[in-house]
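Number of protein chains: 2
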Amino acid sequence: MFQTRLKVCAAAVQAHFDTVLGRLDDLPVVQAMGHATNGGKRLRGFLVMETARLHDIPDATSIWAATAIESLHAYSLVHDDLPCMDDDDLRRGQPTVHKKWDEATAVLAGDALQTLSFELVTDPRAGTGEVRADLAQSLAIASGAQGMVLGQALDIAAETAKTPLTLNQITHLQQGKTGALIAWSAMAGARLAQADTTALRDYSHALGLAFQIADDVLDVEGDAETVGKATGKDADAGKATFVSLLGLDEAKRRANELVESASDALSVYGEDAEVLRQAAQFVVARKS
Amino acid sequence: MFQTRLKVCAAAVQAHFDTVLGRLDDLPVVQAMGHATNGGKRLRGFLVMETARLHDIPDATSIWAATAIESLHAYSLVHDDLPCMDDDDLRRGQPTVHKKWDEATAVLAGDALQTLSFELVTDPRAGTGEVRADLAQSLAIASGAQGMVLGQALDIAAETAKTPLTLNQITHLQQGKTGALIAWSAMAGARLAQADTTALRDYSHALGLAFQIADDVLDVEGDAETVGKATGKDADAGKATFVSLLGLDEAKRRANELVESASDALSVYGEDAEVLRQAAQFVVARKS
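The listed protein sequences correspond, in order, to chains L and Y.
First residue of the first sequence? That's 1 in our numbering, and the numbers climb one at a time after it.
First residue of the second sequence? That's 1 in our numbering, and the numbers climb one at a time after it.
Simulated from the structure, these hints should not be mistaken for laboratory data.
Be aware that a few hints might be false.
[What the hints assert, rightly or not] Computed cross-link-like contacts, DSSO-like style, restricted to lysine-lysine with a CA-CA straight-line distance of at most 30 Å:
(1) K233(Y) - K99(L)
(2) K162(L) - K287(Y)
(3) K41(L) - K239(L)
(4) K239(Y) - K99(L)
(5) K99(Y) - K99(L)
(6) K99(Y) - K287(Y)
(7) K41(Y) - K100(Y)
(8) K252(L) - K233(L)
(9) K162(L) - K239(L)
(10) K41(L) - K287(L)
(11) K162(L) - K99(Y)
(12) K239(Y) - K252(Y)
(13) K100(Y) - K162(Y)
(14) K100(L) - K239(L)
(15) K100(Y) - K233(L)
(16) K252(Y) - K41(Y)
(17) K99(L) - K287(L)
(18) K100(Y) - K7(Y)
(19) K233(Y) - K287(Y)
(20) K100(L) - K7(L)
(21) K99(Y) - K239(L)
(22) K41(Y) - K99(Y)
(23) K100(L) - K99(Y)
(24) K41(Y) - K239(Y)
(25) K41(Y) - K162(Y)
(26) K162(Y) - K99(L)
(27) K162(Y) - K100(L)
(28) K100(Y) - K239(L)
(29) K7(L) - K287(L)
(30) K162(L) - K252(L)
(31) K100(L) - K233(Y)
(32) K100(L) - K233(L)
(33) K41(Y) - K99(L)
(34) K239(Y) - K100(Y)
(35) K99(Y) - K233(L)
(36) K99(L) - K7(L)
(37) K162(L) - K7(L)
(38) K233(Y) - K99(Y)
(39) K100(L) - K239(Y)
Bound conformation, chain L alone:
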């Protein structure tokens, strides 16, 4: 059920990107935007569309916010991969944008993908004025210097710090770096319906943390070919992670505990939320 719905959402997001990017001039920067938004699990887009469905918002409406969050996620990956940041050559099994084109194109394509995310989320077809303004405002807060960029800045600061981060600091860092966008995605359905976001917020916070712990586990246990990007980088760099701080077994135990919490948070939605519960299980079981 979850796997089917994930595939349907991924295909819908891809089709939407094709339409939107197809309208732009055929320049290297636009080709790079297409490359950067191609593939991936589309977990964030799925969370938008599935939580929207839970609130009786049609796919034709939620696709705008779903494509917006995938565009924002893609921008963050393009810039993260730059030589001055993580310096990665491979992403989703493909050369990164600055390898396939050059750094200037990667900077510009990332910039334009961030802009595109705000263009999509404020499209007149994405909701009423009030809803679109609320979506854009919350997306900006989640992705800026109080959210994702804060997490990235803390990550850079940690690299030059004299002592490794504590568990509390790692948790704070990850709540920004990956948690904030996942939280936004899973709360988008309630926002689109102008409904109470409490249950989805609790779900998304547990989900986001479980996602990051699973990422750290994959960095240790996965091989680059399956994961689609370089692995073992954190250990090589001597970076503190959930695995280095908790050990592999305890990290996995906590991730599973968080999956339980995420599922429990959805009780108010009853059986309708089954796909979202399966999504939480998938997040810790995934191999890439």
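Based on these hints, arrange chain Y on the given structure of chain L.
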């Protein structure tokens, strides 16, 4: 009259940045955001506040959109100055962000400034939901791959092109690179009031082109100390500009002609638009 109002707007924008950035964690990336948004003429913010005033929108409302456009402008400068782009060491007479900090901080600070611009423009105090959604949507279109980024991409493509750009191509490039944000700024007042944007659109298009021609003249006639950034770069790089294509005298004549057109476009506003007419004169007379 114009100079006073420009200074009042610049001070209001600076105070707003101080408040907004003061709320964030004291990290290098946040300090870099402060550095990048400090100083400058604030012409775009002024255009927002002055066209808003023309439509009886109070400064306390328009300050959000004014600070938003200055944040977006600052992001574009930080990324433009990067070694992989224009590779500039000096901006507004100060070291650029990647010189004062490093490239990673410059990429992140630019990213966060773009995000901040959308956070500001969708703030609940910036207007009704409909107005904020419209401001954010039009800002995204003006600054993305159909606007500013398109202009930058065309600029990069021109550097490796075998033949220099024609006057039409330069005009198209500049309408994106600098014209789109100036147009958004000067139309913001009508958008804030949900009024007809036609007169301000005509004004802003003439103003934007006059601004760019004046920039090209400054690159030839100005010295780095007064202008606050390196000059003579375009000529050194053999780039086609309005001056190289038209000659200095004809470029100046056209700029003045555009100032006339800009003023004429404001006739519907009568005497109330006098400060905006002076702004158009200032744009071609400025020394930095």
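*Starting from K100(Y), check that the Cα of K239(L) is at most 30 Å away, please.*
Answer holds: K100(Y) to K239(L) is near 26 Å, not above 30 Å.
*Taken at face value, is the distance from the CA of K233(L) to the CA of K100(L) at most 30 Å?*
holds, 22 Å
*Assess, step by step, whether the Cα of K99(Y) is no farther than 30 Å from the Cα of K99(L), and give holds or violated.*
Holds: K99(Y) and K99(L) sit about 24 Å apart, inside 30 Å.
*Pair hint outcome, K252(L) versus K233(L) [Cα-Cα no greater than 30 Å]*: holds, 19 Å
*Does the alpha-carbon distance linking K41(L) and K287(L) stay inside the 30 Å limit?*
holds, 11 Å
*Take the C-alpha atoms of K100(Y) and K233(L), compute the straight-line distance between them, and say whether it is at most 30 Å.*
holds, 29 Å
*Does the structure keep K233(Y) and K287(Y) at a Cα separation of 30 Å or less?*
holds, 17 Å
_Hinted pair K100(Y) and K7(Y), Cα distance within 30 Å_ = holds, 27 Å
*asked:* Run the distance test for K99(Y) versus K239(L): straight-line Cα separation, threshold 30 Å.
replied: Judged against 30 Å, a Cα distance of about 27 Å means the pair holds.
*Are K41(Y) and K100(Y) close enough, with their CA atoms no more than 30 Å apart?*
holds, 21 Å
*asked:* Hinted pair, alpha-carbon criterion (30 Å max): K162(L), K7(L). Please report holds or violated.
replied: Measuring from Cα to Cα gives roughly 44 Å; hence the hint is violated.
_Can you confirm whether the C-alpha distance between K7(L) and K287(L) stays at or below 30 Å?_
holds, 16 Å
Checked against the numbered hints above, the structure breaks hints 2, 13, 25, 33 and 37 and satisfies the rest.
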